[in-house]
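With chain A held as given, fit chain B onto it using these hints.
Okay, here's what each chain looks like letter by letter:
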Amino acid sequence: MKKGMRKLLNIALTGSMVLGTAAAGSMPVLADDTIKIGVLVADVSGEEAQGFRAYYEDYIAENYDVEFDYTEALADAAGEKAAIEKFVSQGCQAIISLSSSDRAMQIETCEEYGVYYAIASGVLDAEQYETYKGYEYFAGQVGPSNETEFEAGKAMGEYYKEQGVTSAALYGAFIPNPMHVYRTAGVIAGLGDTYGGASDMNEIAGQIFADQRVDTEKVEGGVEIAAYLQGYGDTTTDELNAAIQKNPEVFLSVGMATTFFTQTLNTAGIQFSDIDSFTEANGAAIKDGKLTYLAGKYSSSIGPVFALVKNAVDGNVIRDAEGNAPSFSQSYLVATDGASFDAYYVSDNGDSPIYSKEVLDTVIGSDVTYEAVQTLVEAN
Amino acid sequence: MSTSKRIAGTFAIPVIAAVILEAVCLCSGQNIITNMKSFDNFVVYTAIVMITTMALSINLNSGRFDFSLGSMASLAAVTGAKLSYALLGGGKGSAAAMLVITIIAGIVLGLVSGILYVALRLPPIITSLGVTLIYEGILYTVTGGKYVMTEVQNPSMAAFAGTWIYAAVIIVIVLAFIIFLFDCTAFGYDYNALKSGQKVAVNTGIREIPNAVICYGICGGLMGIVGFLSAARNTNINGGQLNFGSIAIMFTAFLPMFIGSYISRYSNEKLGYLLAAVCMSLLNSTFAVFSNKITASMQSIINALLLVVFLIYLNNENLFVRIFSSRKSRIGE
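If you read the sequences in order, they're chains A and B.
1 is the number of the first residue of the first sequence in this note's numbering; add one for each residue after it.
1 is the number of the first residue of the second sequence in this note's numbering; add one for each residue after it.
If you are wondering where the hints come from, they were derived from the structure by calculation, not from laboratory data.
For clarity, every value in this text was computed on a predicted model and none was experimentally measured.
Positions of the beta carbon are idealized from the N, C-alpha and C atoms, including for glycine.
There may be inaccurate statements among the hints.
Pairwise CB distance ranges (calculated) [stated by the list, open to error]:
hint, chain 1, residue 1, chain 2, residue 2, range
1, A, Asn380, B, Asn243, 40 to 48 Å
2, A, Pro176, B, Phe290, 20 to 28 Å
3, B, Leu314, A, Gln90, 30 to 38 Å
4, A, Gly269, B, Glu22, 21 to 29 Å
5, A, Glu112, B, Thr163, 52 to 60 Å
6, A, Gly233, B, Thr163, 24 to 32 Å
7, A, Ala372, B, Asn243, 41 to 49 Å
8, B, Asn243, A, Gly134, 36 to 44 Å
9, A, Tyr135, B, Ile138, 37 to 45 Å
10, B, Leu319, A, Glu203, 51 to 59 Å
11, B, Ile138, A, Gly315, 39 to 47 Å
This is chain A alone, in the form it adopts within the complex (with noise of 0.2 Å):
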């Protein structure tokens, strides 16, 4: 009886072993003009990165013949560039990347393997942008600057010091990722407060960067940062917890709060900002809870990327009258309350994007120039 069973178990476990092998085998035949493209992403899971690739999946490919293969949330360097090589070994002829460990890495993973590459939502830094503008599989990055990622920032900040506010505390979201940096830096130079000693953008995003956090003992000045956390894990909810404890008059956060604390900070009563998109959930948090400032991207912002990529897979890849890989810099919206929070969230939900089809058709095709794209991405 019980050898019967172990002879069970064995052979369900050898069954379920053979159909997955013969599952993986039966994977759908794309037709032969099919674009493969493989998007990286660091986050799975928020409200922004959900909006983006409902975009590219539901939207993009129901309009294009094109197929999009998704990372799982990817924590690192040498998990992207594993992701990377498992997109070449399947036929991907392009890679956007949405996730920033390792930018330079990357482009430098596709150039070796001949793969397009192309940054959606971020950009690389002045210096990294001089050394890959010239490289052949580059073809591209539309998002926003360290500047504007700064500047974002710093309008929130000053946003609520003309609201009076003298007590704040702050998620930094996940420093050191560039992005995220530039954020905080202008988040702490909008309260008009210093960071050892320093005001200025790269002064205050450098000494972040070294710290690889934010110290609250060198922020000086008039509003004061009451608690400081970053990144998610196990011991997330005791340090917002230990935030709520304080009592700040405001949760400023410079991305994913509206994923993880809007029902926590909601409950709290306490009033909080982010920097992320403008989706139904988030409209939720605007209308009907504490979120009081968002400044964020629209879903389909992401259209300009893919038509980039698409270009360069049709053959026609384009470069700026240099002959570089073209940088275009988009920059936030920001919603107050409800009323304007519409304004931007009507204009760009499901079927009907600001880069619908038609519109990215005017920049997709064999004749289309960099002064084209940049038209439209400055209009948008």
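Below, chain B alone, put in the same frame as chain A:
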């Protein structure tokens, strides 16, 4: 042992911990419990630690090391969250529905783990590692590696996590249930007999296999409660815990388990686990007071150091007593 010595022995560690930690907080002009919100957190955290400790100790005291507790908690919580959301859409009664479904799911997962253990006849540490990987894989498949948030973010769950009362009720019910089950029933007598001497107990006719499977089922149910409490506290469930990512949940219970076992010399072992959980929660609240100075990684180091120090004490207790006694007698001379 006299009653006064029993009382003193039972409450010595929690009282000493409270006095030391409060003194540390007072040095910076603060208290361990600063307001009602911190008290809510204190009670909820106590409940999580106490129940996890009980779940860990049930099998570990019988020589069965179970790595799968964390994965059971997460998978049971996701099952409860998804089903309760499908039934009620996050409306009234969602928290209660999720709690019930999560406990049932936890019991089922625990029973499956127990049945695999007795069927495969592999060392429990190996079986539990396999079960952990399987449950984490199922969790990842169900959630797509994402945090489960929509299903656990609703007014019902917010109301549950917003007060200490529900967590306190759960502590009382679980404590009473576990004490009754293990100290006052035939199952409990069998369990204690097997724990003390497995071979002798089996020779007397106690059926080891059903007892072990039921133990796994109880552990699963307890971890279901932990999964629910954690989901209410964190307002999400991490669905991306692959490659033993869920094991950390179990390790939070080691120090309180040893402290609880020490307290059990003077009183009921399960009461010891509650008092040990109170100690851990006091420490956690102190970390909250100093959150700007003590980072998460420093907290982990402090917890690990405390565990090592306590184990050193437990393993050299007689030596310490001898040293202390000889000094005392020298002072007397």
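Inset, instruction - Evaluate the given range 21 to 29 Å for the C-beta pair formed by Gly269(A) and Glu22(B). - result: holds (28 Å)
Inset, instruction - Could you tell me whether the CB distance from Glu112(A) to Thr163(B) stays inside 52 to 60 Å? - result: For Thr163(B) against Glu112(A), whose Cβ atoms are near 57 Å apart, the range 52 to 60 Å holds.
Legend entry - Consistency of beta-carbon spacing, Gly315(A) to Ile138(B), with hint 39 to 47 Å: Between Ile138(B) and Gly315(A), where Cβ atoms are some 45 Å apart, the hint holds.
Inset, instruction - Note whether the CB distance of Gly233(A) and Thr163(B) lies within 24 to 32 Å or breaks it. - result: holds (26 Å)
Legend entry - Outcome of range test on Cβ distance (Asn380(A), Asn243(B); 40 to 48 Å): holds (41 Å)
Inset, instruction - Could you say whether the range 51 to 59 Å given as a hint is met by the Cβ separation of Leu319(B) and Glu203(A)? - result: Holds: the Cβ-Cβ distance is about 56 Å, inside 51 to 59 Å.
Legend entry - Assessment of proposed distance window 37 to 45 Å (beta carbons of Tyr135(A), Ile138(B)): holds (42 Å)
Legend entry - Pairwise beta carbon distance, Ala372(A) to Asn243(B), judged against the given window 41 to 49 Å: Cβ of Ala372(A) to Cβ of Asn243(B): about 46 Å, so the range 41 to 49 Å holds.
Inset, instruction - Note whether the CB distance of Asn243(B) and Gly134(A) lies within 36 to 44 Å or breaks it. - result: Distance hint for Asn243(B), Gly134(A) holds at roughly 39 Å.
Legend entry - C-beta pair Leu314(B), Gln90(A): status relative to the range 30 to 38 Å that was hinted: Check failed, 54 Å falls outside 30 to 38 Å.
Legend entry - Beta-carbon spacing of Pro176(A) to Phe290(B) - inside the hinted bounds 20 to 28 Å or not: holds (24 Å)
The structure is inconsistent with hint 3 alone, although it conforms to all the rest.
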